[in-house]
Each structure stands twice: as C-alpha cells, then as structure tokens.
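Asker: Single-letter residue listing:
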Amino acid sequence: MSDVIIGTGKGTAVGAPQPDPNTPRVNYLNVSHTLSSWLLTKDHKRIAMLYLFSISIFFAVGGAAAGMVRAELMFPRGSLLQSEGYNRMFTAHGVIMIFFFLLVAIPAVFGNFLIPLMIGARDLAFPRLNLLSWYLYMIAGTLGVTAMLFGGVDVGWTFYTPLSSMYSNGQVTIAILAAFLAGFSSIATAVNFIATIHKMRAPGMTWDKLPLYVWGHYATSVIIILGTPVVAMTLLLVVLERTFGIGFFSPELGGDPVLFQHMFWFYSHPAVYIMILPGFSVISEIIACFSRKKIFGYHFVAYSSMAIAGLGFLVWGHHMYVSSQSMYQGTVFSLLSFLVAIPSAVKVFNWCATMYKGSVWLASPMIYAISFLGLFVIGGLTGMYLAAMATDVHLTATYFIVAHFHYVMVGGTVTAFMGALHFWWPKMTGKMYPENIARYNALIVFIGFNLTFLPQFVAGYLGMPRRYHYYPAEYQPWMILSTTGSTVLGFGMIVPVFYLLWSLKKGKDAGPNPWGAKGLEWETESPPDPHNFHHIPVVTAPVYDYDAEAEERELQGEN
Amino acid sequence: MGNSWLTFQPEKASSFAGQVDALFYVITALTIFFTAAVGITILILVNKYKRGKKADRSNPVHDHQLIEAIWTFTPLVMALAIFVWSTNMYIHMRTMPKHSYEAYVIGKQWMWHIQHPNGIRENNELTVPAGQPVKLTMISQDVIHAFYVPAFRSQYHVVPGRYTSMWFTPTKPGSYHIFCNMLCGTQHSEMVGKVNVLSPKDFAAWLDKSGNRFTETPKTLAQAGEQLFNDMRCGTCHGVENTERGPSLHNLLGSTRVFTNGATQVADEDYLRESMIDPFARITKGYSNTMPVYVYKKQINEEQIRNIIEYIKSLGTTKPASSQPAPAGLR
Amino acid sequence: MKNFHAEHHIQSFGFYFKTFVLLAILMVATIVAAQIPDWFPGTAHFLKETMVGSILMNTIALGIASAKVYLVVSNFMGVKFADNVTKMYALTGFVWVTLMGIMFIDYWTRPWEEVKGWENKAPGAMPRGSASGDDEFGNVGKQQEIRPYQQ
Amino acid sequence: MAHVADSHGHGHKPEGVFEQYEDLHQQQSTYVLGMWSFLVTEVMFFGVMFMSYLLYRWKYQDMFYQIHHDLSWQLGGLNTANLLFSSFAVVMAVRCAQLKQNGSVLKWLGVVQLCAFGFLAIKAIEYKAKYDHGHLMLIPGNNFQWHDTAIPAGIGKLFYSLYFAMTGLHGVHVVIGILIFGVMMLLYAKKSHLVQNDYIPLELCGLYWHFVDLVWIFLYPLFYLIPK
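Chains as they are written, first to last, in the numbering used here: chain A, 1 to 559; chain B, 1 to 331; chain C, 1 to 151; chain D, 1 to 228.
Mixed in with the good hints, there may be bad ones.
[Unchecked claim] Taking lysine-lysine and the DSSO-like style, the derived pairs with C-alpha atoms no more than 27 Å apart in a straight line are:
| id | chain 1 | residue 1 | chain 2 | residue 2 |
| --- | --- | --- | --- | --- |
| 1 | D | 100 | C | 18 |
| 2 | C | 18 | D | 107 |
| 3 | D | 100 | C | 80 |
[Claimed, not checked] Covered by chain A, per the in silico footprint, the following chain C stretches (three or more residues, Cβ under 8 Å):
| id | stretch |
| --- | --- |
| 4 | 81 to 95 |
| 5 | 101 to 110 |
Just so you know, these hints were derived from the structure itself, not from any lab.
Every residue gets a Cβ at the ideal spot worked out from N, C-alpha and C, and that includes glycine.
Using the sequences and the hints given, assemble the complete structure.
Answerer: Right, dumping it as structure tokens:
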C-alpha cells in the first residue's frame with residue numbers, strides 16, 4: 001500500500017517490470033496449465049472463462065432447439081416433430097436460454113471478470129463461493145439439459161400449475177430442480193457482487209466514480225437476491241405437489257392455481273431486468289468508449305438502474321391481465337408498468353446524447369451497441385401494447401409477445417453480450433480478432449434478427465397463438481419469413497465462434513488498451529496478471545475521463 | 001380471415017375490435033415515431049461526429065437537468081395518457097353487461113364444450129347471435145386454458161375451480177377462430193374451434209331447430225339440473241322450507257349467508273359450486289356437517305354442477321341487500 | 001472507511017440478558033393471550049365469534065411476534081450498532097411484506113368485480129316457448145329487445 | 001500463489017486475512033455484509049411459504065382454527081423458549097469470542113448444541129404423534145388419511161402440508177445450524193488460526209442462528225396459537 005498508483009487512465013499498463021524480456025509475462029491464463037488448476041481455481045477471471053465456455057455450449061443447445069422449432073413452423077402442419085416433441089423443443093429452448101444462458105450470461109462471464117478489475121480489487125469478496133456457483137450452475141445445466149433432451153418436459157418455461165403439477169408426464173421434477181440449483185448459483189454470484197461492490201472498492205473509488213457497468217450489476221444483484229429465492233421456493237412447492245400430492249396450487253386439493261402465477265411472476269418479471277440491466281451496463285461502457293465521451297447524465301443513468309430494480313418488483317401482474325386476477329389489481333399493475341418504462345427511455349435518450357460532440361468510432365463493439373439501441377427501442381416500445389390492458393387482452397400469449405420479448409432478450413441482452421464479447425475479448429485473451437469480419441457479422445446479426453422477429457409482430461396481431469404446433473394456414477407467410485430470418489441469425493451467431501477461436505492462435509497481440517478506453521480494467525496488462533493489480537490503485541481521475549476534442553486534434557494532426 | 005395472401009389486419013367482428021384497434025394504431029404510431037427518431041438521431045450523430053471527421057467538439061455537455069427533465073416527463077405524460085385510455089376500455093371489457101345472451105364454456109384437455117341455456121350443446125363450436133352482448137361463463141375441468149377469439153379482440157383464462165367470465169358483442173355474421181391460448185398439454189394447438197356468428201334471424205332459426213344437432217327435445221339446463229336434483233334426492237333435505245338437516249335452496253342465490261364462524265357471504269355461483277363439491281368448507285349457521293360428502297364429491301362433473309346451479313337459479317333469487325362494495329360508477 | 005471495530009464494540013452481559021428476559025416475557029404474553037378464550041369462557045364468544053375479537057387476537061399475536069423479531073434483530077443480531085449498509089439490508093428483508101400485501105390486493109378485490117350471473121337474467125335461460133315477459137327486476141323492455149327468438 | 005503475494009510486498013498481512021483483502025477490518029465487514037445479503041434471500045425463501053399459509057388461512061379460517069387444536073401449544077411453547085435461550089447462548093458465545101475467552105466460547109456453544117438437539121427431539125415427538133395419533137396418517141403423501149368428518153380431507157391435507165413444509169424447512173435449517181456450530185466447536189477446540197484472531201466466523205453462524213429463531217417466532221403463533 002505504500003506505493004500509490006494513480007488510476008488516471010493514461011492507457012499504459014501498470015505493472016512491475018519483467019526481469020527477463022524473453023520469458024513470457026505471467027498472466028492468469030498461462031500461470032498454470034493443469035486441468036485441476038482450472039477446475040479448482042479461485043481466480044475470478046478463470047471462473048469467468050469457465051462460465052464463458054459453459055454458457056456457449058448451453059447457448060448452442062438452446063439455439064439448436066430454436067432451430068428445430070422454427071423449421072417445424074415453416075408449414076402449418078409440419079411433420080418434422082410430433083406435437084409432444086414440439087412442446088418439448090420449445091420448452092427446452094425457453095428453459096435453457098432463460099435459466100442457463102440469459103440470466104447468467106453477462107453477470108457470470110463479464111461481471112465476474114470485470115467487476116474486481118473495474119473497482120480495483122484483487123478478486124471478488126468470496127472466491128470459493130464463486131467457484132461453488134459455477135459448479136452449481138454446471139450441475140443444474142447438465143441436469144436440466146439431460147432432463148429435457150432425453151426425458152422431455154412439455155410445460156413451457158413458465159411451469160404453470162396445475163399442468164406442471166398434476167397433468168404433465170415429462171421430467172418436470174428434474175427440470176425444476178435444475179432451475180432451483182441454477183437459482184442458487186445466481187444467488188451466490190449476487191451475494192458476491194454485492195459484498196464486493198460495497199466493501200472492496202479501491203481507495204478513491206467512490207460511488208460517483210463507479211463505472212455504470214458496476215452500477216448496473218449492483219442493481220441486478222439486488223434483484224437476484226430478492227427475487228430468485230421466491231421462484232426457487234415456488235417451484236419447490238410445485239415439486240411437492242407433483243410428488244406428494246400436496247395441494248398448494250391445484251384446485252382439486254384446495255389450492256389456488258393463480259397463486260402460482262403471482263409468485264412465479266413476482267420473480268420472473270424482475271428476471272427480465274436481471275437479463276437486461278447487465279446489457280444496459282455493457283452498452284454504457286461501449287458507447288462511452290467509442291464516443292470518447294462521458295455518458296450523458298451519468299447520475300440519471302446510474303439511478304435509473306436502481307429505479308428499474310425497485311419498480312421492477314411491482315409490475316409482475318401485467319403478465320396476468322387475463323388470468324382471472326382482479327381487475328382492480330390489473331389497473332394498479334398497468335400504471336406501474338407504464339412507470340417502469342420511463343427509466344429505460346431515459347437511458348436510451350442519454351446514450352444517444354452521449355454521441356453528441358463525441359468522436360464516434362464504428363468498431364465492431366460499437367456497431368453491436370448501436371444495433372442494441374435500435375432493437376431495444378422497438379422492444380421497449382412494444383412493451384407499451386402489453387402494459388396497456390385493453391390491447392394486452394388481444395395480444396397476450398400470441399406471437400406478438402414472442403416478438404416483443406425476443407426484441408428485448410435477444411435484440412437487447414444477446415446483442416449486448418456480443419458487444420461485450422468483442423469489446424473485452426482483447427482484455428480477456430490478449431488477442432485481437434479480425435475486425436472487418438466482426439463488423440460485417442454484426443450487420444448480418446442485425447438484419448437476421450429483424451427478419452426473424454418483425455414478422456412475428458404481425459402474426460401476433462393477426463391472432464396467432466404462441467406455442468402452437470399446428471396453426472391455420474393464413475399465418476404461414478409470416479412464419480416462412482421468420483424462419484428465413486432465423487437462418488441468417490443463426491449464421492451470424494456461428495461465425496464469431498470461428499474467428500474468435502482463430503484469434504487465440506493467430507490474432508495480433510492486443511496490448512493493454514487496444515481501444516484507448518478509460519477505466520481501471522484497461523490499466524492492467526492483457527490478459528491481466530493472476531492478481532489483477534500489483535498495487536491496489538488509488539483513484540483520483542473522474543469516471544469516463546475522455547476528451548474527444550483533444551483526441552481528435554491529435555488524430556487529425558497526425559494525418 | 002381474408003383471402004389475400006398477406007394480411008396485416010385481423011378481422012373486426014366485435015364491438016371491441018374497433019376500439020382496441022384504434023389504441024393499437026396510436027401506440028404503433030408512437031412506436032414508429034420514436035424508433036425513427038432514435039434511429040435517425042443516431043445516424044446523424046454517427047455521421048457528423050465520426051472519428052477523424054472535422055466537427056465542432058468543443059465544450060461537450062455531460063449533464064443537463066432541463067433536458068433530462070424534458071425527456072423524463074414527455075414519455076411519462078404520453079404513457080399516462082395511454083394508461084387512462086386503455087384502462088377505461090379494459091374496465092368496460094371486464095364489466096359484464098346486465099343483459100346478455102349467456103352461454104357456458106367448459107374447457108378440457110383438448111376440447112371446448114359449450115352449453116346453451118336452453119340445452120343445446122356444442123363441441124368446439126359456439127353459435128351466437130350478432131348484435132347483442134354475449135356473456136360466457138367459463139370453467140375448466142383440468143388445467144388452465146384460455147378462450148381467445150382474435151376477431152373479437154377478446155380473451156380470458158378458463159381456470160379450474162372457479163368460474164370466470166368474459167363478454168363481447170359480435171357485430172358481423174361469419175365464422176371466426178377460437179384458440180386455446182394457454183399451453184394446456186400435448187394437443188394444445190388442436191384445442192381450436194369456431195365461433196359462428198349468425199344474424200338474429202338465423203340465430204332464432206338455429207335455436208328453433210335445436211342447433212340441428214339433437215333429435216330429441218333438449219332440456220334446458222335448469223330442467224336437466226332438476227332431474228339430477230331429484231335423482232340424487234337432494235330434495236330430501238333441501239326442500240321448500242328450511243329443515244333441520246339442510247337449508248332450503250329457494251331464493252338462495254344472492255341472499256347473504258351467515259356461517260358458523262360468523263363470517264358472511266353473498267351466495268354467488270362460486271359459492272354454490274363450492275357447497276356442492278365441498279359442503280363443509282363453510283357451513284351455514286344453524287346447521288351441522290351432515291351432508292354425505294363422500295357421496296357427492298367427485299360424482300358430479302362440471303357440466304352437472306352447472307345444471308344444478310341453473311336449477312337453483314330457477315328456484316328464485318334474492319337481490320343482494322347491500323350491493324358489493326364496488327366503487328360507484330363502475331357498474 | 002470507518003473503523004469496523006468501533007462500530008462493533010462488545011456489549012455487556014447485562015444487555016444481552018435483559019434482552020433475553022424481555023423475549024421470554026413476550027413469549028409468555030403471547031401464550032397467555034392465546035389461551036384467554038379457553039381460560040376465561042366469558043370472553044370466548046367475543047374473542048372467537050366476532051370479527052373485532054378475531055382481528056384483535058390476530059393483531060396481538062402478530063404484534064408480539066414483531067416485537068420479538070425487533071428485539072432479536074436489533075440487539076442479538078447487532079443491527080442497532082451496525083453500519084448503515086447492514087441496516088439497509090436488514091430492512092430489505094421486509095420486502096416480502098410488500099409481496100404479500102400486493103398479492104392480497106388481488107384476493108381482496110376479486111369479489112368486487114363480477115356482476116353476478118344470477119342478476120343476469122338471460123333470455124335463453126327460460127324454457128323455449130315459455131317466454132314470459134318481465135323479470136323480477138322490472139327490466140321488461142330491454143330484455144325483450146334483445147331476445148332473438150321473439151322476432 | 002503465496003509467491004505472488006510475497007513478491008508484491010503484501011507478506012505483512014496478519015494471519016487469517018485472505019489474499020483478496022487489504023486488512024482484517026475489510027475482511028470482517030465484507031463477510032458480515034455478505035451474510036446479511038444471504039439472510040435477505042432466506043427471508044424471501046420463507047416468504048413464499050408464509051404467503052401461501054396466509055392465503056389459505058384466510059380462505060379456510062374456521063377449519064384451520066379447528067385443526068390447529070391437534071398441535072400441542074405446550075410443546076411448541078417449549079420449543080420457542082428453547083430457541084430463544086439458544087439465541088441468547090449464541091450471543092454469549094460471540095461475546096466470549098470477542099473477549100478471546102476460548103473456554104467459555106466452547107461452553108456456550110455446547111449449550112447451543114444442547115438446545116438445538118432438544119428442539120429436534122421435541123419436534124420428533126410432535127411428528128411422531130402426527131404419524132400415529134389416533135391411527136391417522138397425517139404426514140401428507142400418498143398414505144394420507146383423514147377421518148375427521150367435520151373437516152374436508154383436502155383442507156386437512158392443506159393444513160398439514162403447510163405445517164410440515166414450513167416446520168420441515170425450518171427443521172432443515174436447524175440441522176444445518178447444528179452442523180456449522182459443530183464445525184465451530186471443533187475449530188475453537190483445536191484453537192485454529194481461523195478463529196483465534198477473528199470472531200467473525202462465529203458471528204456469522206450466530207446471525208444465521210438468530211434468523212432460524214426469527215422464523216420460529218412467527219411459526220409458533222401462526223400454527224400453534226392460531227386465534228380464530
């Protein structure tokens with residue numbers, strides 16, 4: 001602690017000089033190579049890489065299930081799958097993508113990797129707990145995928161009672177236990193983040209200087225610790241009802257099926273924010289860096305995350321306008337749902353305003369960030385149709401909903417995930433990927449995405465129900481368009497696997513700060529040392545200390 | 001549905017359709033406007049302030065309270081306007097009309113069973129008259145279903161254990177999709193049907209021909225209920241007058257029941273149903289639990305319960321003394 | 001950063017013991033309160049059969065429980081002496097009260113909603129051919145207007 | 001990993017401070033906060049059950065009132081006193097740990113263990129009574145039998161489902177408590193360096209145990225003392 005290193009963001013690596021230039025620098029990747037050094041690691045960066053590897057696999061499985069569903073829907077009475085198989089496919093797609101990809105993708109990979117680096121800590125507060133959360137996640141994922149691919153679960157990811165508790169024959173119990181374990185994995189991560197963010201910040205790193213990325217993850221963690229136990233317990237009650245015939249939710253046994261929906265959505269609506277808030281936080285970082293500007297209205301963006309986290313708990317009933325809940329409660333929920341839209345709108349406007357008088361560099365992460373803005377605006381605004389009760393009566397549980405939440409979840413979270421992957425890949429691996437291919441691929445993803453999901457808005461408005469295996473022929477044109485788009489989207493998702501793996505072997509060395517970004521994580525080497533910082537930095541510079549004008553002067557002077 | 005290959009608009013066949021569509025288009029206009037505004041702003045900014053391009057970048061703004069306030073409150077006001085509009089409409093859609101043609105819907109895996117009050121039964125088809133409100137009282141026999149008619153912009157869940165209701169006024173004779181819109185098991189996507197909207201004249205004719213389906217004279221639900229009532233000898237205890245074994249069922253509906261614990265409840269259809277399948281859930285004051293519960297429970301199905309309720313209804317109703325504590329103006 | 005030890009100075013034996021004694025008294029109080037209707041049959045009717053008595057008894061039982069919770073959280077768990085962050089998280093635990101409150105809005109207000117079926121004297125409810133005119137609510141005209149099969 | 005820390009001049013940290021922390025204060029306050037946020041999740045976890053309980057209690061108030069007479073408020077009260085005293089013993093143990101009185105810590109922890117086992121023993125008596133009381137099978141499951149004609153079997157089952165689910169989950173927490181206090185006793189008996197300089201591990205276990213106590217404080221009036 002005697003040596004004080006100032007985190008000023010000069011773009012130079014802070015580190016002890018290497019005694020011998022011929023021996024490669026020790027970093028977290030090459031510090032040891034044994035399998036056990038990976039499987040028993042307590043280093044947050046290695047755990048992040050473990051997560052990256054595992055979520056990629058689950059994403060591929062979930063994506064394959066989606067591919068089956070879309071292929072089946074090319075024809076009104078498709079014959080690729082039986083109805084039972086079809087139901088199992090979309091359930092597998094939903095459960096895997098939500099519980100094993102979206103809920104964990106950004107927090108567990110990039111949150112784990114970056115939060116200690118960004119706040120100037122050596123590691124997360126509880127490294128062993130962190131490793132435990134990965135194991136819980138892997139057990140849950142393996143169990144869930146096995147149950148769904150080999151046993152079959154056909155109740156949808158929502159597990160509505162009494163279908164899930166009394167009537168379905170599939171491996172619902174195992175799938176629920178998997179979701180339960182996955183819940184505990186994310187609780188462990190969230191507890192870790194909260195303790196880390198509160199107590200492990202480097203000297204000088206006040207809440208005002210905290211990157212918006214960290215703010216977003218803090219809000220997410222609060223939602224996780226408040227919401228996840230509720231759904232875990234609720235699902236456990238479903239298992240009890242299923243196994244022992246205990247009537248918590250089944251009307252035949254004296255229970256109330258709508259109670260399940262209340263408790264399920266009490267978590268599962270905030271879960272949407274668990275998925276999208278980390279996406280927001282990634283976008284804040286990318287836009288600030290590639291506009292060379294401090295985020296416009298830093299405090300508004302930070303507090304809007306907390307507002308979303310708070311209000312997000314009070315709107316679950318908008319999933320239940322037609323579920324026979326009381327009309328009066330529906331009214332309350334509708335009002336609150338409109339209110340929760342406002343903080344998100346404020347964020348979008350602030351991001352746009354950030355580019356004003358900036359120096360916009362259209363690198364591949366920035367292209368993902370911009371397409372995020374476009375897609376999220378559509379996703380967010382179409383939420384208004386569903387917050388409004390009168391239109392929701394017509395649109396709920398149709399393809400309109402499907403399109404809406406895919407715009408938020410895929411257009412939002414997955415795009416942000418891709419942006420984050422491209423932005424921090426050089427930091428995580430020390431290598432640069434082929435930038436041009438990445439940029440064109442970002443465009444392909446954007447086009448494929450819109451082609452997939454815009455037609456679904458129309459199909460939904462026309463009244464096509466979701467989760468339909470056989471459907472009336474008049475919806476076929478929209479389904480064909482959508483399937484075509486999904487092919488393009490799938491292609492756009494596979495290409496990065498190749499060029500990112502290629503970059504590991506052949507990519508150029510990235511150097512500590514290839515993007516010229518600010519923030520403590522860019523002041524470490526790429527890849528960072530096992531213990532992140534040789535000395536805990538003392539932060540004096542303000543957050544996002546960019547100067548677009550000076551940088552442009554330098555850049556244009558050189559030309 | 002229209003015959004054109006690409007349609008952008010579902011058919012409008014109920015009085016709600018026009019209203020919902022108006023709201024839908026207003027939100028659509030807002031969505032397109034804001035999406036375009038954000039998109040064009042981004043394109044302009046990206047183009048103007050592209051890296052390496054000469055532009056005025058002096059004095060960048062990082063905070064501006066007024067601008068933040070403007071773009072917080074403008075969407076807020078718009079959102080609240082839409083909220084008021086849509087909520088008004090929704091309350092209208094959820095307030096059952098006093099006078100309507102009433103049909104009963106029973107959902108079961110994977111079919112719709114529909115009973116008309118005069119005894120006509122239909123499977124996966126619902127025949128209703130155009131131009132008058134139609135109220136559906138719905139219940140499920142197993143899992144949750146949703147009764148959804150896109151052309152009417154109407155949808156409501158059909159829940160086991162409890163009656164739910166929805167209403168609409170069909171405006172255009174024709175035949176429209178019924179979808180089950182809540183995942184209900186393997187053949188969920190085949191739990192579909194048709195609403196046949198007939199002109200009042202055709203509907204009267206249809207009723208006269210007993211729906212063209214039954215050769216024998218259909219019993220009304222109440223008559224069917226009466227028969228069941230007699231078969232099961234309910235009248236032994238539940239006669240015209242209260243006996244010591246059981247209360248009379250005459251003028252039962254709508255009367256305020258006082259229970260052994262002192263709680264009270266206006267007897268509604270849900271209460272009647274509960275009393276049939278679970279007589280001891282709430283015992284009326286002055287009586288004890290003597291109803292042979294194991295005889296009746298599980299022996300009558302939803303259809304028969306419905307019939308008995310109709311029979312009890314035909315025995316007379318009481319207008320609730322002090323109406324429900326609903327806020328004024330909503331009725 | 002504040003000194004952590006300063007916030008967690010060691011409490012005296014007496015402090016903890018007093019808290020325990022208080023808790024024990026409250027426990028006895030809640031048991032006694034619950035048994036009153038059985039021990040004093042005169043009160044049984046009021047406390048068991050009337051709405052006011054029921055609310056009173058429930059309030060007493062849960063009120064005493066809340067007081068005990070307060071004592072344990074503040075004195076035994078040390079929230080009284082903890083930093084603000086800990087206090088904040090201790091309070092966050094009570095979010096589930098809102099969960100229950102908001103859920104109960106649904107169950108409380110459900111009965112307000114429906115216009116009951118029996119008020120809705122449907123035309124088809126009558127046996128065909130016996131179309132008597134008015135119902136007991138005197139809605140003769142309207143009803144006849146919408147009766148399709150009288151045309 | 002030690003050489004990494006050494007080479008950067010952090011060898012002077014006191015024993016028992018993990019490498020990610022600067023000093024003992026930071027470590028202690030971080031652990032306490034972590035424990036509190038975990039307790040928040042526990043509250044929400046039990047919250048679901050309390051919600052179900054309150055809803056069905058509200059719906060079937062009379063019958064729940066009648067069934068609750070099957071439960072013995074005396075045994076429940078005994079257990080309440082038991083848990084309250086164990087909570088007191090825990091704070092005393094933590095206090096002795098703060099004062100570094102190793103022997104007294106062990107003594108108080110022994111008291112805690114006694115209380116915890118006593119709690120489970122009483123619980124077992126109660127469960128046993130439910131199992132064979134009047135030849136009823138009251139443990140919800142496929143063998144559930146209900147011969148009380150005054151109350152529908154469904155409601156009886158619902159009450160006992162909630163009773164067993166809630167007290168069972170609480171009982172699981174008590175068992176976990178016994179385990180972690182067992183580990184603590186072992187550490188203090190062996191004078192492990194993990195607990196010699198740092199009373200926080202014991203304090204965390206204490207927080208957990210108080211939480212278990214809190215749950216019971218609500219369970220007792222809700223199940224054993226239900227007012228009508």
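Asker: Looking at the structure, which of the earlier hints fail to hold?
Answerer: none
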